[in-house]
Structures are given as structure tokens and as C-alpha cells.
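Protein chains in written order, with our numbering: chain A, 793 to 1127; chain B, 752 to 1391; chain C, 240 to 439.
Possibly wrong hints are sitting among the right ones.
What the hints assert, rightly or not - Sample of chain B residues facing chain C (criterion: CB under 8 Å; computed from the structure):
1. Leu764
2. Val769
3. Phe878
4. Lys954
5. Met987
6. Glu1008
7. Asp1269
8. Ala1280
9. Thr1281
10. Pro1310
11. Val1311
12. Gly1314
13. Pro1383
14. Ser1386
By construction, these hints were calculated from the structure, which means they are not laboratory data.
Ideal Cβ placement from N, Cα and C applies to all residues, glycine included.
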Amino acid sequence: MSRFSLFLLPAIGFALAGCRGWQSALDAQGPQASELAWLFWIFTWVLGAIWLAVMIALAAALLRSPASRPDPLLVNPAQDRRYAAVVASLAVATGVVVLVLTGLSVVSQRNLFRVEEEAVTIRVTGRQWWWEIRYEEADASRSFTTANEIHLPVGKPVKIILNSADVIHSFWVPSLMGKQDLIKGQENDIRLVADRPGIYRGQCAEFCGLQHAHMGILAVAESQQDFERWRDAQIRPAEPPGDPERQKGQAAFLTQPCIMCHSVRGTPAGGKVAPDLTHVGSRKYLAAGTLPMSRGNLAAWIVDPHGIKPGVNMPTIKLQPDDLNAIASYLEGLK
Amino acid sequence: MSDALARRDERDLRDTMVDGSELHARLAKTWGTGRGLIAALSTVDHKIVARRYLVTAFVFLFLGGLSAAAMRIQLARPENQFIGPDLYNQLFTMHGTTMMFLFAVPVMEAVGIYLVPLMLGTRNIAFPRLNAFSYWVFLFGGLFLWVAFILNIGPDVGWFAYTPLSGPQYSPGKRTDVWAQMITFTEIAALATAVEFIVTILKQRAPGMTLDRIPLFVWAILVTSFVIVFAMPAVMVASTMLILDRLIGTHFFNPSEGGDSLLWQHLFWFFGHPEVYIIFLPAAGMVSSIVVAFARRPALGYLPLVLSLIAVGFLSFGLWVHHMFTTGLPQLGAAFFTANSMLIAIPNGIQIFCWIATLWGGKPVFRTPLLFVLGFFFIFVLGGLSGIMLASVPIDTQVHDTYFVVAHFHYVLIGGAVFPLLGAVYYWFPKITGRMMSERLGRWNFWLAFIGFNLAFFPMHLLGLQGMPRRVYTYQPEMGWGTLNLLATIGSVILLISFVLFLWNVVSSNRRGEIAGDNPWDAGTLEWATSSPPPPQNFDRIPLVTSREPLWAERGPLPVVGGLAVDMRQVVVGTVTEARPILRESSPEPSIWPLFAAIAVGGTFLGSIFTPWAVVWGSIPVAITLIGWFWPSGSPEDEK
Amino acid sequence: MKAHRLAEDLSALPTYGFGTSMTMWWGTLGFCALEGMGFALAIGAYLYLVHVNAQWPLADVPPNHWPGTILTIILLASIWPNLQAERRAREENLPAVRRWLIVMCALGALLVAIRFYEFTQLNVRWDQNAYGSITWIILGLHAAHLLTDLGDTAVLAALMFTRHAKGKRFSDVEDNAFYWYFVVGSWLPLYLLVYWVPRW
Ligand code: HEA
Ligand code: HEA
Ligand code: CUA
Ligand SMILES: [Cu+2]
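Kindly generate the complete structure, drawing on both the sequences and the hints.
Now the structure itself:
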């Protein structure tokens, strides 16, 4: 707890965002999520009213004080027929209500899964316990891979293709859209639009093993220019570090086992089984929404990933303290 | 009269030839369970087996509840370090598996095993040895699971064990094997019991108990048994495939070799959805019994209530896909399952309306059993309505796999099954033990359970909407879920206290409770016609049924039929619809072989986790014990 | 216990009967229903896998259907001796029942032997791919029925040679025959599935 929470303190603005709508289905930030929230409230009001009516009827049944019944078989058939008629009409009413609700649900389903020409295509691959993210362009040189953070231009339809490299995960950013599973051997997709710039958190919703709890994702909605700027930066390979500390870090990084798993484009590091680190410093969080990005947290992560995310698929690697700091500094600089 | 003839007559003594206490004593000797360990292990008395079933199922409730308490403590605040991910995953898997497979289904069956023969006016359940066997199988299955958990090989992939996470690649080790074999094994118990119920209810009703005089609880058990017969094979097929994938390298669920992981989900939920009604329908039967007894009038809408049970049973097979709305199925297909799921609100609504109308037309007597039923209305209807929300594909894409779903299913499971069950325990305890439970403790029990429950589970709806997924062992403080989780934990502690009170009430009332008498509630069905607790033969003579509530209709002496053997076990077998008696079939006497057979089958299942050859070698003892079971011992029951 | 008023005397009722009058018949029907459901689900799983795979079967050669075809013919033919056993049991004709039970045992043993041979002629192993797995499990599921029914019949045949061979035992023979129809009937769709769907 101790060291962990220390590193959490610098979680600057994000803690504030947590109070409202950080990851909430009712804080809709796009047409899909609004549609969903609207449907949710309709159902809630209708069904809530039904619940209340049933409770009132029950209370009324209990609060009547009829004469006691020494002979339980003595019933009034005329009265029973009236009760039966009430029950029958309530049954019909139930039928009508569920018919209407089904209709609403189906219409909304249509709206939700309507296919629009997409402006951006993102391929998300679930892995135990992080997200591999690939922006796909017809022009292959403009495609690139990153991890755990998607950016989208505000107001533009985005198509997200979902797939898994191992077990089933589920992609869910509640403020934007409902969830959809990522299943190996099958390709699902969802479409969504963000209405306003902002940072929306999401989380893997299908139980996927030890660290299912720490499989967060960030959706960063920004203006078209900001998005383009971000994308151009991501497409570029990593810039060689300028200052000596970082140079030392790069050298250390490249001689460590890190490169067996991680890639940094523009360097010999070409591992494919772990998050691409080319621009890791530009991300807001580390290790799938687990730690806010900072040099300190980077170092904490590298020195003891299992203390932070027990069971994670990254080994604890013994590093000299100054190598550690240099690597952390190098990675932080990969903007 | 020659000597030989006299002896024959002696052996063929009929209940028309003796009367009163002699008849009672002789029948008790014929049907009784002897003294000593062997006799206890050989018993086939449905009441004794049911009591064992009940106690065992409640022990599993407490174990499941204690694992829930551990989870709640872990979740009480963000980044709590009480339990790590590995243990937490085992805990919720154990919790869900225990509650569904070792508590909820068996406990409903236990109540049925106890009551159905009594309500039908017969002396034992059909196939009593199979019944004894099913208990042993259930016990061994449960023990397997919990011993494995203690040895740190408890399953950790959730109660529906989705592949590929539960497959050979992502769950190495024995944990999931334990789960899969335990499931297959204990389902044998449920299936056997279901067949017993169907045959008992169709064939062994007291003369005159036509279909429209069957008590509603028995109807519920009948429908449930049919649902079991058609649903449980799915999970057995599925878990067998899973274990084969894991142990001998088949590829049912492996997409890279032509398998498919959604096949698992289809098979599992084809069972899993009916499963929840397997739990709920008997509870609905309990509600009917209690409402009728405490409203002091016959059920208003017997026929609609029966038809609703049947409709729910049928519909329950057409809903399974609503657990898979986010797997990327074709939209149209998904919408079809939305419609079906909502449709089930109609029969469920009819039941609720009929019960309320019955209360309305009667004079409710507010004793503890009725309190629990009122709690049931409050909670179950809310849970049912949140089910209607989940049934909508769009809404489900938001709340699926979140605490909203956790809230829904605890509302329906605890509100819809546990509350009626507790009411049922208060209601039938006097019949089972001969003593009343404490009413004062009962009221405390009810209010603590009611308040604790709602405090524990209502906030979970909000948590789900605020984005909290289920099956997470912790969450970060900045998610803002801390307060509601703390509230939920406090609620579960109150709930736990209510269960401790319940346990105390059961234990102390069993010793010192007020003596109950045959029919303390002045209820109308046949189980109240015999003494409390009932003698081994249930009834000295089999009742002749003339109405739906025989004890209300026959305030004088009960009409009965005679002519059954006294010195051997005999039951009346009748026609299916009219219960016109056609046979005096003999009923098997006690035997130790069902226990041996259960040990042999259990050993085979256990061994197969380690080597497939266990199935081959295990079949030898299984065959031997089964032959021992069926081979006649020469007793009169065998020869007639 | 509530006071009694004797209203009807059932002394004259028999202690056993045949067919639907006995509880055992209904029990057997219940087990047929649940096992039949198991078969139905296995068939469903097979068709599901056919549906998700573009190519079927996932093996070069479909299974050699001849052993299965011969088994099917013998199974169908076995209906006749089975019917005899059932009829003679109803007549409580002990010598005939013994005879036909022995015939059924012999047929059962022959069928089990052919079934073992069938496994070798599938041209796919269970661990090769999902097609192999589902084919083996379906065949295996049915083989388990052949085996248990053989065991059942053998025990019953032995029983009919002991002093217990009277009364209710004839009803047991009848139920055993009834179960055999289920074993035969459930095989037919499986036969088509295992041998002819891959040749589609
Ligand atoms: C006793 C158990 C029980 C019962 C009775 C129910 C009843 C229902 N359930 Fe529930 N359900 C579970 C136990 C149960 N469920 C469990 C355990 C899970 C989770 C499994 C897991 O994932 O671990 C689950 C999950 C679950 C899901 C999947 C959620 C998800 O994973 O995303 C869905 C979706 O449709 C659903 C729907 C329903 C519906 C429509 C009913 C209906 O039958 C409810 C009908 C009742 C009423 C509607 C109330 C009474 C009616 C009236 C008063 C009339 C008026 C009503 C109207 C006009 C609407 N349930
Ligand atoms: C009938 C079924 C049933 C019942 C009764 C319960 C009862 C409870 N459940 Fe249940 N629950 C499930 C079925 C059930 N649950 C299922 C199917 C799942 C899904 C699992 C999965 O995801 O795989 C689940 C999941 C689940 C979760 C979600 C876990 C997660 O997703 O991470 C939580 C969390 O709060 C929870 C809590 C509780 C609590 C607090 C109770 C309480 O009501 C428990 C109350 C009982 C007690 C507290 C016992 C009292 C003990 C005694 C009286 C013994 C005293 C004796 C001595 C001390 C000697 N349950
Ligand atoms: Cu990935 Cu949960
Ligand atoms: Cu369901």
C-alpha cells in the first residue's frame, strides 16, 4: 500500500474527474451513450412505477381488515370472480407494457448499431491484461500500434474492431458506448462518436484472469487538429534521446531483456508480446490504467511490476538503481 | 388351516386387519430405519435423506456466505490488501458455484424430498435407493470442491467458467478440472432426484388426488423436475467437453483447431438460464403454500398459477442468449431473445397478482413465514423488473458484467429463493421437528435480513451504473466507488448477523421449542394430517383425497383407503391423471449399496482428473456396486 | 395423526403390472428423456461446429461408414428379438424369456465389438481437431449406452436363472426391452451425423 499510494498522490486532475462521470454509464458523452442513457431512464421510470404500484396493492391487501376466517373454504364466488377479472386485466396490461418496452428496445438497438461511414478505424486486441491498439489506414505507412489509450476526433464516427489474442475480454467505455466482447477467432466491432472533448475511462468487463481488475483503458476525445497532431506524433518512430541521462537509459534498455517483449520503433527493440513503448511517455496512465504516468511510477513499475499488478505477464528484472532511473527517464522522454 | 397357510397369512397382514396403535407400531417397524451406523448409512426413508440434504445444503449456504463476507471485506474500501487476486478469484468462484450448485438447487430438492411424498399422501418417494444415492453423490461432490479449495486447488474461473480462460492453455493445473468434474458429478444427483419427483408425482398420489387437486408446491416441483431433465444434460455435456479438452486434448472450444469458445457459452447458458428457474420455481411453490395457509383461504387462481409455472418452465428454454448479448451475435437474433425474456414477465406477473389477490381475499395472519413472503414480494419484484432492463439488448450492453447484474441476481436469488426458503423453514419446521421456532427471534431474523439485504445489494445497482465491473478484486480510489461499497459491506454484515440468528433459532427451537402438534397453522394440505414429526410410514392409512385442501374440507375423520400390506413396504400406485389406484407396488427396503455406488462413482470422477484410465478401471467397482444394488435380497419387497 | 374413516379397500389390487402401470417404466422413460436430451445437445453442438467452420469435415477422408452401417442394420434387426423378449415377459413365459435374453446379450456383445472397430475406422483422432473431437464424443456417448444396456441385459439374464425369476422380474425384463428401443432409436440420427454429414 505505502509506496503504491505515494506514487498515486500526483494523480493530479484525474482524481477530480473521478467525482463525476469518470467511468459512468449515465454520464453520456456521445450520441450512442445518450441513446442508452435515455432508454435506461425510460425503463427505470416505467418499471419503477410498476414496482410502486405492486407494493401499494400489496399494502392495501394487507391493511384491509376483514372478519376472521374460521372456515377457510368459505369464499364469496362473486367476489372471487371480480378479483379474477382484475388479475386477468393486469396480465393483459403486463403484456402491453412488455410489448412497448420490447419495441423501444428494438428501435434503440437499431439506432445504436447503425452503420455509418467511419472516419477512423481502430483495431483493439485484448491481451491479459492490457489493450493493444492499432490505428488502421489504407496507407500502411500511416498505420501504427500503441497501447491502453485511444484518441478520437470529436464528432467523427469511429469504428472499433475488437479481437483477442488470448481469453475473452470486453471493451467498455461507458460514457461513449455499451460494451462488446473481444473473442479470439472472431471479429466484433462497435461504432461510436464522442460529442465533447474529454478523457473517458473504460475498463475490461469480462473476467479474464488474475488482473481483470487492472485492465483499464482511456478514451481521449479531442478536436480534429489535436487528434491529427497526436496521430502524426504517434506515427513517427521514437526520437533518439538528447540528454545524457536518457541516452544512458536507452542503452541500458536495449541491453536488458525488455526488448524481447517490447518494441520501440526506431530502435532495435522489436518485441511483440507487450505494449509498444515508442511513445509511452505520451500516455496518461501506465499498465492499463493502473498508475498515472510519471517518472516515479515508471520506475516503480519496472522495479516491481508484481507488487503493483500481482501476476502480471512482465517479469521482475533486477536492475542497478541508476540503470533503473535512467530507463525510467528514457521511457518518460518517449513522448 | 394348515401351518404353512397361517404363516403366509401372517406375512401378508393387511392394514384392514389391524388398527390403532398396533397398526401404527407394525408399520413403523416395517418402514423404520434400524439402529446403528450401517442402518443409518443404508436408510432410504425420504424424510431422513431430506433432512441430511437440508442440513448439508445449509452448511454450504453458510460456507458460500462466509466466502461472500470475505469478498465484501476486501471490497469495503479501495485498494484494500485483505485478499489478493488469486484468492479472491477462487472465492467468488467458490461462492457462485457453492450457492448455485450446492445450496440453491439441492436445498429446493431437499424440501421437495421431504414434503412431496407427505403432500401426496404416499409412504416414500419413488426409487428411494436412487434418492439415497443422490444424497451421497451431492455430499461427495460438495466435499470435493471444498477440500480442493482448502488445498489451494479451488477453481478460479467463475461459476460459468468461460473458455478459453478455463481451457487447458490459460488455466493449467487442477483447479478447473476439480470444478468441471464436480459439476458433472453433482448434476447426477439433481437429475436422479428430478426423475424420482416426476414418477412420484405422476404415479404415487393418494387415491382421488386428480391433477387439479395437486398442491401448488408439488406442481412447482413437478415443473422444476421437467426443467431439470431437459436443462441439466446441457451442463453435463459442456463440462464433459471441457474436461476432455483439458485432459485428453480434444478441441471443442479451441478456435485454432475448428472449435469455438462461444459453443461453451451456448451450452452453459442453455442450462444456466433454466437453472435460475430451477431455483425460483420451487420457491414460488413455497410462496403459494404459505400465502394460502396464512391468508386462510384457497389460492385465488389455482389454474392460472399452475399454468404460469408451466409457462415459465417452457419459456425458460428460450432465453439463454440474454446472457450473451455482448458477444457479437447477429442483432436480429439478439432482439428475439429480448422479446422472449420480456415475455416471461407475464406468467411471473400472473403469479404475483394471484398471490396478492389471495391475500386480498383472505385474512392474513402475520406470522414469521408470511413476513418472509412479504419480503419476497418487495425484493423479488424489484429484481424481476431489473431483469426486464437487462433483457433489453441496448441496456444490457451498458450493465452486462457489472455490479448492476450482481444486484439483479441477488435480488431474484435471495429475494426470490432464499426469503421464501426461510419462510418455508419457519413454516414446516414444526412438521419436521415437532417443535415451533421462536416467533420473537423470527421477527428479528426477518427484519435484520430485510434491512441488511437491501443495504447490501441496492447500492450495487448504482455501482454498476457508475462503471464497476463484477469480479474485480479491488478498485482504485479515484473511481469513486468507495462509499457505496462500504455501505454494501455493512449491509452484508447485518445480513450475516441475521443468518446467525436464524441458525440460533433453529438450534435452540429444535431443543426447547414449543411442542407443535400435528397442524399448528391449521393448514389444509396432507402433510399436516400426520403427526409431527411424521412416523416412518408417513400415514397409517393412505388418505382418500376429495378436495384440494383435504384438511379444510374434512374437519371430521379423514377418509382413507385400506388393504395395503403391513409387514412389507407397499405403496399405492395410481393412474397419471386421475390417481385411480391400480397397483400395490412394493417399495425397496434399505440398502448400503447406494452408498457404495456413490463412492465408486465419486472415486472414478476423482481419479479421472489424474488419468483417463480411471474411467476404465473405475467402471469395474461401479458395475459391481450397481449389481449389488439391483440384485434381489430375497426380501418380500423384492419378490412381489 | 388425524382420525381415520376407511372409505375404500384396495386389497384386491395386484402388486405388479406391465408398461405404464409400473413406476419403473416411468423412471426408465425419464432417463430416456434426459439421455435423449444429451444426444440432442451433442447433435446441436455438432451442427454448430459445422456452422462455424467454413469447411467440413476438417479431415481429408470421411469416416469409413461400413462398420457403422452394419451396426445400424444389426441394431434395427435386433428390434425383433427384443420384441420377442418383451412379449414373452408379458406372458411370463420364463423359458422363452431366458432364451431371448441370451439372444439379446449375444447381439449386444456383437454390437459392442463392432462399435470398438468403428472407432478405428473414423479416419480422424479425437485430438486432431474439433471435428474429430465431436465425432468421437458422439460415438462414445452412444457406445456408453450400448455397454450399459449390455451389462443390464446380462445381469437380468443371469437373474432369470435364479430363484428370483418370477413376478415383478418379468416387468423388469419388459422395461429393459423398452430401454433398448431408445438405444436403437437414438442411434439413427447419430448415424446420419457421423457418417453421412461429412460426405454431404
Ligand atoms: C432466481 C433467479 C433468477 C430469476 C427469477 C431471474 C429472472 C429474470 N432475469 Fe435474471 N439472472 C439470474 C437469476 C435470475 N433471474 C442470475 C443468477 C443471473 C446472472 C448469472 C451470471 O451472470 O452470473 C441473471 C442474469 C440475467 C440476465 C443477463 C444479464 C447479463 O449478464 O448481462 C438477464 C438479461 O436479460 C436476466 C433477465 C431476467 C428476466 C427478464 C427475468 C424475469 O424472469 C423476471 C420476471 C419477473 C418480473 C418482471 C417481476 C414480476 C412481474 C410483475 C410484477 C408484472 C409486471 C411487470 C412488467 C409489466 C414488466 N437475468
Ligand atoms: C443463491 C445464490 C446466492 C446467494 C444466497 C448469495 C449470497 C450473497 N452474495 Fe452472492 N453470488 C452468487 C449467488 C449467491 N450469492 C452468484 C451466482 C455469484 C456470481 C459468482 C461469479 O461471478 O462467478 C455471486 C457473486 C457475488 C458477488 C460478486 C463478486 C464479484 O463479482 O466479484 C458479491 C459481492 O458482493 C456477492 C455477495 C453476496 C453476499 C454478501 C451474500 C449474502 O447474502 C450471504 C449471506 C450469508 C451468510 C453471510 C452466511 C452466514 C453464515 C453463517 C450463519 C455461519 C455462521 C457460522 C459460523 C461462523 C460457524 N455475491
Ligand atoms: Cu480483460 Cu477482464
Ligand atoms: Cu437468464
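Do the hints match the structure? See the list:
Here the hint on B/Leu764 is broken, as its CB sits about 11 Å from the closest CB of chain C, past 8 Å. Because the closest C-beta pair between B/Val769 and chain C is about 12 Å apart, greater than 8 Å, the hint is violated. Interface hint at B/Phe878: satisfied, since its Cβ lies 6 Å from the closest Cβ of chain C, which is below the 8 Å cut-off. Contact between B/Lys954 and chain C, as hinted, is supported at the beta carbon level, the nearest pair being about 5 Å apart and thus within 8 Å.
Contact between B/Met987 and chain C, as hinted, is supported at the beta carbon level, the nearest pair being about 7 Å apart and thus within 8 Å. Using the Cβ-Cβ criterion of 8 Å, the hint placing B/Glu1008 at the interface with chain C is satisfied: the shortest such distance is roughly 4 Å. Because the closest C-beta pair between B/Asp1269 and chain C is about 7 Å apart, less than 8 Å, the hint holds. For B/Ala1280, the suggested interface contact is upheld, since its CB lies about 5 Å from the closest CB of chain C, less than 8 Å.
The interface hint given for B/Thr1281 holds, since its Cβ lies 5 Å from the closest Cβ of chain C, which is under the 8 Å cut-off. The interface hint given for B/Pro1310 is met, as the beta carbon of that residue sits about 4 Å from the closest beta carbon of chain C, less than 8 Å. Of the supplied interface hints, the one on B/Val1311 holds, with its beta-carbon coming within about 5 Å of a beta-carbon of chain C, less than 8 Å. At a threshold of 8 Å, the smallest CB-CB gap from B/Gly1314 to chain C is about 3 Å, leaving the interface hint in force.
The criterion of a C-beta within 8 Å of any C-beta in chain C is met by B/Pro1383, whose closest approach is roughly 4 Å, and the hint holds. A cut of 8 Å between beta carbons decides the hint on B/Ser1386: the least distance to chain C is about 11 Å, and the hint is violated.
This entry does not satisfy hints 1, 2 and 14, going by the numbered hints stated previously.
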